[in-house]
Structures are given as C-alpha cells and as structure tokens.
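Engineer: Fit chain B to the supplied structure of chain A, relying on the hints for placement.
Each protein sequence line maps, in turn, to chains A and B. Under this note's numbering, residues 1 to 625 are what the first sequence spells out, in order. Under this note's numbering, residues 626 to 814 are what the second sequence spells out, in order.
Note that these hints are calculated values from the structure, not bench results. All values derive from a computational prediction rather than experimental measurement. Cβ coordinates follow ideal geometry from the N, Cα and C atoms, glycine included. A hint or two may mislead.
[What the hints assert, rightly or not] Straight-line distance between alpha carbons at most 30 angstroms, and here's what the computed BS3-like set of lysine-lysine pairs gives:
id: 1; chain 1: B; residue 1: Lys638; chain 2: A; residue 2: Lys220
id: 2; chain 1: A; residue 1: Lys214; chain 2: B; residue 2: Lys636
id: 3; chain 1: A; residue 1: Lys26; chain 2: B; residue 2: Lys638
id: 4; chain 1: A; residue 1: Lys38; chain 2: B; residue 2: Lys639
id: 5; chain 1: A; residue 1: Lys38; chain 2: B; residue 2: Lys638
id: 6; chain 1: A; residue 1: Lys174; chain 2: B; residue 2: Lys670
id: 7; chain 1: A; residue 1: Lys26; chain 2: B; residue 2: Lys781
id: 8; chain 1: B; residue 1: Lys781; chain 2: B; residue 2: Lys639
id: 9; chain 1: B; residue 1: Lys639; chain 2: A; residue 2: Lys26
[To be verified] Just a sample of chain A residues kept apart from chain B, beta carbon distances all over 12 angstroms, derived:
id: 10; residue: Asp68
id: 11; residue: Ile74
id: 12; residue: Gly201
id: 13; residue: Asn203
id: 14; residue: Glu274
id: 15; residue: Phe287
id: 16; residue: Asp483
id: 17; residue: Tyr567
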Amino acid sequence: MSSTVISHNAGDHGGHDHHQETFLTKYIFSQDHKMIAKQFLITGIIMAVFAMVLSILFRIQLAWPDTDFPILEIFLGKWAEGGRIKPDFFLSLVTIHGTMMVFFVLTAGLSGTFSNLLIPYQLGARDMASPFMNMLSYWFFFTACVLMTASFFVESGPAAAGWTVYPPLSAVPKAIAGSGLGMTLWLVSMFLFIISQVIGGVNYISTVLNLRTKGMDLWKMPLTIWSFFLTAIVGLLSFPVLVSAVVLLFFDRSVGTSFYLSDLVVGGEILPNEGGSPILFQHLFWFLGHPEVYIVVMPALGLTSEVISTNSRKPIFGYHAMVYSLVGITVLSFIVWGHHMFVTGMNPFLGGVFMITTLIIAVPSAVKAFNYIATLWRGNIRFTPAMMFAVGMVSFFVSGGLTGIYLGNATLDINIHDTYFVVAHFHLVMGSASIFGMLCGVYHWYPKMFGRMMDERLGYFHFWLTFVGAYLVFFPMHFMGIDGVPRRYYAFTEFPFMEKWVSANLLVTWAAIIAGLGQVAFLWNFFASIWTGKKATQNPWGSNTLEWTTPVEHFHGNWPGEIPTVYRWPYDYSKPGHHEDFIPQTVPFSETMSSNLAHDFDGDEEALRIQNEWNKQNNREILEG
Amino acid sequence: MTTEEVLQRRKAKKFNLWLGMIGMFMMFAALSSGFIVYTASGVDKGIKTLLPVAFAYSTAVIIVSSLSFHFAYRAAKFEQIGKQRLLLFITLVLGIAFFVIQVEAWGVLAERGIYFVNNNASQSFVYVFTGMHLAHIIAGLIVLVRCIIGTFRAPKFADNLFRMELAGIFWHFLDLLWIYIYVFLLLNQ
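Bound conformation, chain A alone:
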C-alpha cells in the first residue's frame, strides 16, 4: 500500500500529483477505494442487465407457452430449438437469474460499490484499511462473474438446480444436464465470490473501527456507515459457512462422498452413495442464506435513510432507534434460518421457535418503516430522482415485508411454501427494495463518483416505469401463490387448475418487458452522463456528510491537506437560527445556535427565544427555558 499513498502535510495541496500512475494501476488494478467502487458498480450493472435479460426470456416462455419465437433459436441455438425454450434451459435461466441477482448484483454490486465509496469518504479516511485486499476483493468477484457467465458456453449448460442448489439434484451430475459441468462452475464461482466478500467485509469492518477521523465517534456516523458495518459483520459470520456447504457438495459431486446423498436411483441405476442427509445441506445453506437477504437489504436501508433525511431537509427521525433496529436485524438474522425449512419434516416445536424468532424481525423492520415516514412527515421534501427511488424503496419494503408475516407462520407456510406467493414476497421485499436502494444510491452519489450530474428527467422516467412495472410484475403473483401455483414450473398449460393464470402471466410478462426496456433510459443516463452530464458542484444536495467536503476532482487520499475534524452528527438539517438549512459535520457547535443534542438550549436564552419564535410560526410546541 505504501507505494500508492500520497504523503500529506498540512497546507500541502500536492494531492494532485499522481505518483506516476499508469493506466494499469489507475483503472485496472487500482487500489483506490473510489475506483474500486466504480468497478464494482459497473460490473454489477452489467450483471444486472444480463440477469434481467434471463428473466425476460423465461417470462416469455411463461406467457406464451405454445408460441414459437424463431428469433430465440438464433440467439440460443439448441436451447431454444424451433423457437421454444427447452425445459432444462428454463431451469437454468431461473437458477442463474437468481444467483446473479442475489449475489453479484445485490450483494457485490450494492455493498461492494457503496461500502467502498462511502466508508472512507464519510468517515474521513484516506482509503480502506488494506487497499490491496480491497483490490483483491474486486478481482475475485470479477473472476466469479466471468466463470458464472462462462457456464452458458459449456455443452451441458449452466447450473439448473435453483439458486439454492439443493442436493440431491445439484449433487448428481447425471440427474439433469444442468448438474454437469455447469454446476461445477457454479460452485467454483461461488467459492471465489465468497472469498471476495469475506476479504471485502473484513476491510469494511476494520476501516469503520480503526480509521475514523478525529471527532467521528460511533454515534456520529451516518446511518449508511452503520448499515455497511453491520452488513459486513453478518457477511463475515455467515459466508464462511457457505464455503463449508459448498466444499462438501463439491466432494459429493466430484469425488463420490456421501455427505448429502443417500438411497438414490437415477435412470434405473442405483447410486453407491449411502447415509447422507440432504437436510444437512439445507441447514448449512440457510445459515448463510437467511443472513444473506439482510446483507442484501441492509445497505439499501442505510442509503435510503441518508437520502430521505437529506431530501426531506429534516433530521432523521429516531437515529438511535434506526441503529438499534439494524443491530436487532443483524442479531435476529442468525436465528431464523429454519423458516426456510418448515416442510422438511422439522420437529414442530423447533418450527415454532423459528417462527417466533422470524416474527420478531417484524419489530425492528416496522421501527424503520415508521421512522422513514416520520422523517418525511412535514419535511421540506425535494423530489430528486434519488429521493423518488428512496421513497419507492420504503414502499416495497412495507408491501413485501407484510407478506413475510404470512410466510413466517409455519402453519401458513406449509400451504404457500414454494408457490408464487414466496416469489412475490422476496422479489418485493429484498429484490425490488434493494435494487431501489441501490438506484437511489447511484442517483444520489453519482456526482461524487463521476463529478457530473445525471439527467433528472430521464431519472423520473426511469423511476415511474420501474416502480409501476415492478408492482405490475410481482403483485399478481400473490394471488397465483394463494391459488397454489408452484414456482419454477415450465408451463402452466399442462395443469388444468393453473391454466387460468396464463392470462395473468401475460400481464406480468408485458410489464416485465416494458420495465426492462425502461432500464435503457437508466443505462443511457448513467453512461452518457459520465462524459456529457452537467458538471457537479462540490455539494449539490446540500448534504452534511464528509464526502461532500472533498474536492470534485478525485485523487488518491481524498482530502488535500489534513482530514477534517467532525463535531456533530450528520443530520442537522433545517436548524433554526442557521443561515442555511444544513450544517455540515465539520462545523463546530460554537458556530451555530442549535443542534439536535439533548439539553440543546440549556442556558442559552437567545437560542431559546429564536427557537420559540420559529415554533410559533410553525405551530409547534413552545419550549420552556
């Protein structure tokens, strides 16, 4: 690391001399957190587009199961012979769509981008604890993406056992085409991905705990940092467990052990494996898998907290409650995994325990939802595109979260397990909510990343198409699920009770296609604005956090001269008696009249008078001195 760090003395503005950076060290093997963040983001966007196209492909099959689309054969060859997607390939599409979206887009694309960008910026650090490990983290991720994509180019096709890769289907190469080489690539890719996430997460935690600037105690950290910090802890404790699960699965597949396999007959042939337990895999998988959904959603919660407060021009409502609810979600996330396994023949008592822990998660989640609404309440709201996406995120978090209460009940779950109800639930609460959190982050921090603004009108257009589209796609699925329509089925025409839902599928698919096309507006906006966007000012949103005190132009080390000292929390918006409606964290208390501290006005008669004048004008309660 020492080779790339610039030496800074007070008053030295030499940050602009770039240490003879070459193209390779600046853009490819960069160790600068800002560049790595951009690498994560752009790779994440590419993966998102790829995974979205996969979803459109299987949506086409679901809407028109009896129609041929010769164009599909041109692109997909033998997997769409005669213009119709084959059942095996349909399963691959579903599997890789889920894997890429959950892991590559919403884990690495979201956490990787914004933890890297904002942790050093908002804490006042020159870079991560270990910039080298940070770089490694990206390249492991990149290799994982390449391997996963490469599985489309092998003879037997990509993995097809669902993103949860349950054995025995995933463990027996002869079972379906997708369990061949494609599955091996899936496992290797996932192994690399986990290494990437663990070394990335280690860096995030260490940076948050060790590299905060002067004055930045934990309770002065923005909620974004709290969410990235807790997300990284969840990842550090849960991802290694998936390594164990994946390694054992690899041995079962490729060496012939029997960790997960027993009593199998494939194609009339009895397999030699005996004594294994597929349930063991489910335990190991969901011990990661459930925390994983919080790894996906918590950064989105953090980003939107920041954006909603900034654009409501109001302090975040219940800062401490927001932090404690994140901590609550973090702890609970480790003791609920059994709710994915209610139908595995689990002891009903154990199921009851998992049910209770699961339902308790509704408490911190509701705290967050109410605090968002209370922050918006009577705020001086600025509906920037980022703010629209943040509010959209809250909407999805609520509407998707409510169905979680149904699914968390063991008795109900037995009926709606593995139906479209589940698909609707998690696509709203974790899929749409976190993608909206991510997009909100992109629109809000774009000026910080690229020094330019994105086009607002395209942003609104993108928002409305995506927001309405997502509801049209996922809302009907609730009703299909309650009617008992199972997920992952190839064609609805084969079962009389499902046939009536083909018409609903038609609506869903059209909505998906239109919302999918809407993303072109985003892609255009994102990539074109890098060169043609309006030049950004240093603090375009009037925000309090430290990243907006850095110069627009990037250089390794972030601040020319000394790193600023922090005096206050990041949510002093619209404070009476201040000439602006925001007070950056770097402004000492002595320079302003009021802050959001307890006993704010103690002993300051003049401050109290001004506050009360303001309160009177705004019909608020009058404070007593």
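Structural biologist: Quick look at chain B alone, frame taken from chain A:
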C-alpha cells in the same frame, strides 16, 4: 502519510487479520456443527475408530513450531536478524513436518479401510477437517517463507517487527485451530 496515520493503518491491518481468523473459524464451526448433526442421525454413524497416533505427534510438532516462532519474534524484537532467520527456518521445517505427518495419518486411516469416499460420512469428515486445516497450513508456510525472504532484504526494524507480529498471530492461530480440531475429533472418536 504522517507517522500517526501509519500507526493507525497498522492497527487496522492487524485488526483485519483478527477478523479474517474469525471468518476461518466460522468455517470450521460450520463443519463441526455439520459433523454433530450428521453423526447424531444414526447409530451406524460416527468415527468408529481410534484416531491414528500420528495426530498426537503432529500436535507436538506444531506446538514446538509455535514456540520456535515465538523465539524468532523475540529475536526480531532485539534486532538479532541472524537468530531470527534461523528460528524462522526451523519453524518452516516443523511446519512442513506437520504437513507430512498429517498425510501419513491419512495413510494409516486408509490402511484400516477408512477411506474418504465412505458411506459413513462421519469418517469422511475426519479427512475434511484435516484437509481444510492443511489448506490453511499451506497459506501459513507461504507467510513464513515471506518472513524469511524479508530478513534478507535489510528491512527497517519497524517493518520487520510488524510483519513478524502478523505472521505470528496467524501461525499461532493455525496451531490453536488444529488443537481445537484434534480435541473435537478425540471427543467424538
């Protein structure tokens, strides 16, 4: 960077290592719970044999290697670079010896007819535990080699000591990790 920033950054890096070890430990914790759940699933499961004596020898070897590393670290502290190099070399040899003995132990198990591919996966788990640990030992050996190379490059005192400190934490961790695995397996044999 100011000295203060360098020190702060060192602290952060050391912290990274501790966090990384928590991650590694979680992996073995997952394997342990997998083993317990699997072994409890039937009376025909379980290790069903005594662990090879070789594991006791390898335990002794790795403990001694931890000691020799500790003395190498002390030598680095008192700037006795020659002594440090010699002790590091001894540690490296002991590390390799540990590796070899573990593989020998696999041979003993195989002679008893206890193979990795096994319908009683409790026995396969013995290989997984030891194998995954050996994978980490390889990383440890690379770290040791890096330390030895470092002593030839006339390092700055602080850099050398910091590197030795990190390497020491990791090497002692591998030692403790093995003792955990060994005791865990002993209790279940």
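Engineer: Mind listing which of the numbered hints don't hold for this structure, in increasing order?
Structural biologist: Failing hints, ascending: 12, 13, 14, 15.
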